[in-house]
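**Student:** Dock chains B, C and D against the given chain A, drawing on the hints supplied.
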Amino acid sequence: MIRMLENLDRRWIFLAMALCVSVPILVIGLTGVTFPETPTPLAEAFFDEVDRAGEANGRRANVLIALDYDPASAGELSPMSLSLVNQCAQKGHRMYFISLWPVGPQMIEESIDKVIKRFYPDLVYGQDYVNLGFKAGSEQVIKVMGIDLTTEFRTDVEGTMLSQIPMMEGITSLEDFDLIAEISAGYPGSKEWVLYAATQYDIPLVSGMTGVQAPQNYPYYPTQLKGLLGAIKGAAEYEFIVNDYVREARVRSILAANGIDEETSLGLSKQLDQISTWTTSAEAASMSPAAKAELIDVATGATPGEFLEGQRRMGPQLFAHLLMVLLIILGNLVFFAQRRRGGSA
Amino acid sequence: MQILTRSIPLFITAVAGIVMILSAFFPYTSDWGKFAGQFFNILAAFAFVLGGGNLLKLHLKKISDQRPGWAYSGVVLVCFIVTLFVGLLKIGAYPNPTYPSVHFGGETQGSGSMFWWFYEYAFKPLTSTMFAMLAFYVASAAFRAFRAKNFEAILLLGTAFVVLLGRTFAGVLATGWIPPDSAFSGLRLENLSVYVMQVFNTAGTRAIMIGIALGIASTSMKILLGIDRSFLGSGD
Amino acid sequence: MSSSASEPMTPAQRAIWAIVCLSILVIVVVRSFIGDGMGRVYVEPKPMDFVAEVTTSTENASESTTSWKQVSTVEFDAYVSANGYTNTISWTEYDQVPPRAYFAQEAAGGGSIVLSWPRTIGLWLAAFFTLAIFSFLYRDNPFYKFAESVVVGVSAGYWMVVGFWDTIVPNLLQRLMPVFSKDYLTPGMELPPGGFDPTNLVFLIPLVLGIMLVGRLLPKCGWLSLWPLAFIVGTMAGLRMVGYIESDILSQTKETVIPLYVQGENTSSNFMMIWSTIWASLAQILLVIGVLACLVYFFFSVEHKGAVGKTARVGIWYLMITFGAAFGFTVMGRIALLAARVEFLFDDWMWLIDPMQQREFISASVGLLF
Amino acid sequence: MRTSSIQTILLTTALCALAGGQVVLGSSKARASFAPPAPPTDLVANDLPWDGGGTVQIDWAASATPADQLKGYEILAHELEVTPRDAAIETDEAADRAAAEETQSLLEGEGIAPEDARRQAALSTPEFVSPPEDVSEWSSLGIVPATQTDYQATGLNKAGVYLFKIRAIGLEGDFSAATASSGEIRPVAAFFNGRKLPLLITLILIASAVFVFIVLARRGMPMRIRKIAGLAAVDEAVGRATEMGRSILYINGIQDMDDLQTVAGVTVLGRVAKTAAEYDAKIEVPTSRSLVMTAAREAVQSSYFSAGRPDAYNPDLIYYVTDEQFGFVAYISGMMTREKPAACFYMGSFFAESLILAETGNSVGAIQIAGTANPSQLPFFVAACDYTLIGEEFFAASAYLSGQPDQLGSLKGQDVGKILVGIVIIIGVTLATLQAITGSDSLEAAVNYLVNVILGS
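Residue numbers (my numbering), protein chains in the order written: chain A, 1 to 345; chain B, 1001 to 1236; chain C, 2001 to 2370; chain D, 3001 to 3457.
Check before you lean on any hint, since a few could be wrong.
[What the hints assert, rightly or not] Just the calculated beta-carbon pair ranges, DEER-fashion: (1) S253(A) with I2121(C): 53 to 61 Å; (2) D2348(C) with P222(A): 37 to 45 Å; (3) G3183(D) with E55(A): 26 to 34 Å.
[Claimed, not checked] Only some residues are given here: those of chain A computed to face chain D with a beta carbon under 10 Å: (4) N7; (5) R10; (6) D70; (7) P102; (8) Y187; (9) T210; (10) G211; (11) Q213; (12) Q338.
[Claimed, not checked] Simulated pairs of lysine to any residue, SDA-like, Cα-Cα distance not exceeding 20 Å: (13) K3282(D) with G3239(D); (14) K117(A) with I165(A); (15) K270(A) with T280(A); (16) K1034(B) with L2204(C); (17) K114(A) with D2347(C); (18) K1149(B) with K2145(C); (19) K2145(C) with G3239(D).
Worth flagging that the hints you see were computed from the coordinates, not collected in a lab. Ideal Cβ placement from N, Cα and C applies to all residues, glycine included.
Extracted from the complex, chain A is given alone in its bound form:
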C-alpha cells in the first residue's frame, strides 16, 4: 500500500480532483440542492456598510464599484459582483463602475447585463448607473482620482463626455463617493484601494477578494476595510444575506403599494413562509388577486440561478477540501513510512 503510494503518479491525484469537483457540480446542477450558509460577521459587515452608504447625507448614495478582476478569477468573484450590484440596485444607490484591470470592462458589462438589465430594467444608464471603463496605471489612477476624477476619466466607456452624463454632476474626486465597493483579484486591487483611497481620504471601503488575498487583507479590517468577503465562502455568505434582503424588500414594497401598514409588512417580511396563508386572511382583503399572486411568487418563488452561483460552488468546494486533507494525510503517511525505513525523505 505504502509502496504504491510512494510511486503514485500525480495524474491519479489530478483525476481524483477532477471527480471531486465535477460530480458534485452535476449532482447540484440536477437537483438544485445547496448547503445552508451561516453568515460570518465579516460578510454581515460588508452588507451593512453597503446598506448604510450615504445614510448620513440623507440622499441617494454614490457608490463607486471597482471590479478589478479578469475572467480567470471570475469563478470566485463574479458571485460577489452580481450580489453587490443586486443589493445596490435594490437599495437605490447610484452605481459608478470602474476597473483598473484591462479586462475589467467585460466584467462590468457582464454584471450590468446579468443583474441590472434583467432584474432592474427600470434603471436608466447615466442616471442610475454608469460604466467608466478601464484605465491603465494601477494605483496611480486611484491617486489621480483622489485629486481630480475628471482628468483621469474623461469619458465613459461609450465615449460620452462625463459632463453630459447627469449622474456625474457634483462628482469631482473620490471624496464625492459615499462608499467604495471593490472586488479584487490581485494587483492592483484591495491593497491599493486601502493604501491610496481609504487611508488617504477616509472614504469607507468594502472589498470582496480572492482567497489568496484575504489573509493579507485581514489586518486592515475593521478600520481601513469596513467589510471583507474572502473567496467563494465569503461570496456564498454574502449572496445568502443579499437574497434574503432583496426578497424582504420586494415583499415590503408590494405590501406598501397595496396599502398594507408598515408594521404588518415588516412582520410578514420576516416570515416569508407565512405569506400564502396570510393572503387568505382578512388583513389581505384589500389586495387584488393579481397582487396576491405576485406577492406569493416574490415571497416563495425560486431565487434566480444567477444569485445562487456562490452557494452552488460550495458543494464541490466541500469535497475538494476533504480530498486535500486526505492527500496531505496520505502524503505524510508515506513520509513517515520512508523515515522509519531510514530512507531519505
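**Tutor:** Just chains B, C and D now, kept in the frame of chain A:
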C-alpha cells in the same frame, strides 16, 4: 554617452520621485503629482507597444531560424496580428448609436463585435482554464510537498486543516456538538478559523507588512539617491 | 521525489487514461444527438437604422450640419424606397438569448431568433481550448502547445489594443489633437475653447518619453528607453515610499496599540463573563506577542542565537501559521475557479445541467439519463 | 476623520490664533418650550488650518435641552453661488458702486482698458447669491450624537465658500430652530498639510536612519549581518547547472519595473548572472513585461562585463513573452518541461503562477530558490522550493548578495525602523493596558494622543 545613459536618467529618477513625495505633503504641489501620475499611465500604455514589438521580433526570429517548434511561433504571430488588426481598426465593432457616422466612435469591446469574439471565445477560456489548472497543482503539492518535517511544518499543516475544514460545511458537521453559547464555542471549527485569521494570521501578516514597508522605503531611498541603479544596468 | 510526470506509465495506467478520454468523447457524441443537443447559441437580431437630417445654416447656405436620427425598420424602409440608400447608415446588432426563448419561438411557429454560427463556433472553440489546456495535466502535447501559442498571441494583442483605445486615445490624443480625435475617434468628447488647450502641451512629455520607450526596438537606440524607465522607477519609488510608510508602518503600528486586557462581551452569567474575558484578552496578548516576535525574526543585525534566537523561533511559528492560513484560503480560491470551468463545460457547452434556467427542464432531465 | 475630542480641543485651542476669518456668533437665548428642542448656540466655524483643503472645523455649545432628550445635532451647509457677472454689475447697487471704484483704481493705476478693467473688478470682488431662508434647502452634512459638540466637515469644495448652521433634533425627530448662520468660510488648502506631519517625521526618521548607516558603512564601519539561509545556495545551484550542462532559468516576477520587488529581483539577477558568467553557465530570463526585459538586459550585460566575459553575453536569452499572466505561465511551464533547466530562480512579485512554476520545476528536478514579498505565495514557495527568502529577507538578500557597504548600511537602517516600531508598540500597549485596568482618564488621553495624532495621519 555617460551623460545620456547615466546622469540624465538618474536625475529624472530623483526629480520624479521627489515630486511624488512632495505632492503628498504640500497641497499646492498636488498638481505635479497628478501630472506625474498621468504621465506614468500613458507610459504604461506605451509599454504594451514595446511588448508587442518585442514579441514580433522574437517570434519572427524563431521562424526565420526554423528553430524547433517554429510553427507554433507562426500561430503566435497570426493570433497577435489578427487580434491587433481587429482591435485597433475596430473591425466588426458597432458604432456608437449617438454618432453612427464615426466608425471609431463605438465601444472597442462591445458585445457582439469581432474583438469581443476573440475575448469571449479565446482569451477568456484560455486564461481562466490556465488558472483553474492550479486546483490540480495544489492537490499534487499537498500530497508531495506538505510534509510534517518539523514543528514549524506541523503548524503550517494544522492551520491549513483548520481553515480548509472551517470554511466549508464540514466544519459545521465536525464540531457542531459544541454548544454555540458555551464558554468553549470559540473551539467550533468555523469560529476557530476566524480566530486563527484574526489573531495569528493578522500578527504574522502585520509583521511581514511592516518589514516589507521598511524594505520598500529603504529601496526607494536608495533608488532616489542613485545608490541602487541596477535597473539602469550599472550592476556593481 | 517519488514520481514525476516524465516517468513512463504502465500499460494498465495507459488503458485507464484512454478510457477516461474515450468516455468524455462518447458523452459528447451521444449528447449531441439526444434531446435538444448541445452547444448552440441563439441570437435575436436588432436592426439599427439611421437617416441623415441635413440642416442648412440660415446665414450661410454653403454651411450645413448633418445629424443622424435613429428610425424604426418600417420608417427606414419607407425612406429607402423614396430616397435610396444615400444618407443612411444601418447595421444589425445581435442580442444573445437563452435557448429557452428559441424553443418557445419554434413551438409557437416562427420568429426572429436564429442560431448564431459565429458564436456557436466560438463556443466549441472555447470548449476545445479548455480541454486542450487541461490535456497538459496528462502530458505536454501539440494541442496544449497550440493553445499556449494562441493565448500568448491573443493576449499580447489584446493588451495593446486596450492600452491604445482606453489610455492613449483619451489621455493623450484627446489632449494633443482634440479636433482630430473628435472628428474621427471619440465623437462624444467636448472640445476645449478655441479647439486646443495650450496647457495640454505638457503632455508632449509623456509622448516623447513613450516614443523613446518604443525606441528600444531599434538597434543601437536601447539607451533611449532608459529615460522613461528612470521616470517610471522614480515616480513609483516616491509614491510607494510615502504610501507604504503611511499605510503599512504607521497604520499597522496604530492597529497594534491595543490593551492586553479586554472585558468580555458575554454578560449572560458570571462564568460566561470570565471566560469571554479570557478569550478576548488572550487574543489581544497573542496578537501583540506575534507582531513583536515576527519583527525580531526579520531583524538582520543580530544572529539568531540565545534569547533573540528563541524569540525569532516564536516568530517563525507565527509565520508558519500565517502561511498555513494563506494556503487554506488559496486552495479555496483555486477550487472555485476549477468549478467555474467545469460548470462552463457542463452547462454552456454540454447542456447537462441548467442552473440559470436557460433551457427547458427537459434537456436537463435528458442529461440525467447518462 | 476619526478625530477624538482631545485632538479637537488641542487643535482648536492651539490653532485658533493662526486662523483668519473666525466668526463667533452671539448666543441666542434657549427657549423653554416643550415641543421642539432648544437650538444649540455659539456656533463657531473655521477653516481647518494646515490641511489639504476642503475641511472645516465646526464647534458649538450644547442645546439647553438635555442630551438624553435629543437624537443629535444636524450639521447644515450651504455653498454660496456667485451672482452672475452682469447681474452683479448692473442690478446690484452696492456691487455696482464697489465695482466702479475698483474699475476706477484699475484704470488709473494700471492703464487697463475700461471694458477689461470692469470685468476684472467684477471677478476680484465676487458677489454671492444670498443663501436660501429655508434651512431645508441647505444640504445636510450629517447628524452627530447629542453628546458631541464639534464636527469636522470634510470633502468640501476647496475653491468654494460655505455657510454653516446647526440644529438639534429631538427624540421624535422634530427639529429645533437652526442657529444663525456662520460667517463665510473658505476651506482652502494650506501651504503644508499639517495632518501629514507625523508621516513626514516618520519618513525623515527612517530615511535618515538608512542614510546615516550608509554613510557610516562608507566610512568603513564594519556591518555585520546575520546569515540568510538560501543565499549560499545560489552558487551551488549555478554550479550544478554548469556540471549538468543545462541552463539556469531566472524569473523576475510578473510585475513591471514600478514594483520594487521587481527592482530587487533585477539586483539579485545581476549577481546570479555574474556567477553564471564566471562558471560559463547559460542563463535564460523570460520576462512578462517589456520594461523588465530592458532592465534585465542592462543588468546582465554589465554583470558579464564585470566578470570579464562581455563576449559571452547573449541578449536574445533575455526576452519578453506576454503581459498576460497565464499566457506567460503557459509559456514558461511548457518551456520548462521541454528544456529542463537545472536551476530555477523565482525572485520578484509572484501571484497565482508561483505554484505552477514551482510544481513544474519540481517535476523536472530543478534546484529551486525563490524570493518574494507577496505573503500569499510564500506557503507554496516554502513547500515546493529548496530555499525561500521570506518577505523582507528578499529585499535584504539583494543587499546581502552585493556585499556593498551601501547596501549593508541600508539594511541596518531598516533594523532601526523595526526597533522604532517595536518601541512604539510596547509603550502604546503598556499604556493602553494600564488604562483598560485602571480606567484612568489621563492615560486615555495619552493613548488617544499616540493613536490618533502621532500614528493617526
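**Student:** Hint by hint, note whether the structure agrees.
**Tutor:** Each hint tested on the structure:
no., hint, verdict
1, S253(A) with I2121(C): 53 to 61 Å, "violated, 44 Å"
2, D2348(C) with P222(A): 37 to 45 Å, "holds, 39 Å"
3, G3183(D) with E55(A): 26 to 34 Å, "holds, 30 Å"
4, N7, "violated, 14 Å"
5, R10, "holds, 8 Å"
6, D70, "holds, 8 Å"
7, P102, "holds, 9 Å"
8, Y187, "holds, 7 Å"
9, T210, "holds, 9 Å"
10, G211, "holds, 9 Å"
11, Q213, "holds, 6 Å"
12, Q338, "violated, 17 Å"
13, K3282(D) with G3239(D), "holds, 11 Å"
14, K117(A) with I165(A), "holds, 19 Å"
15, K270(A) with T280(A), "holds, 18 Å"
16, K1034(B) with L2204(C), "holds, 16 Å"
17, K114(A) with D2347(C), "holds, 16 Å"
18, K1149(B) with K2145(C), "violated, 38 Å"
19, K2145(C) with G3239(D), "violated, 31 Å"
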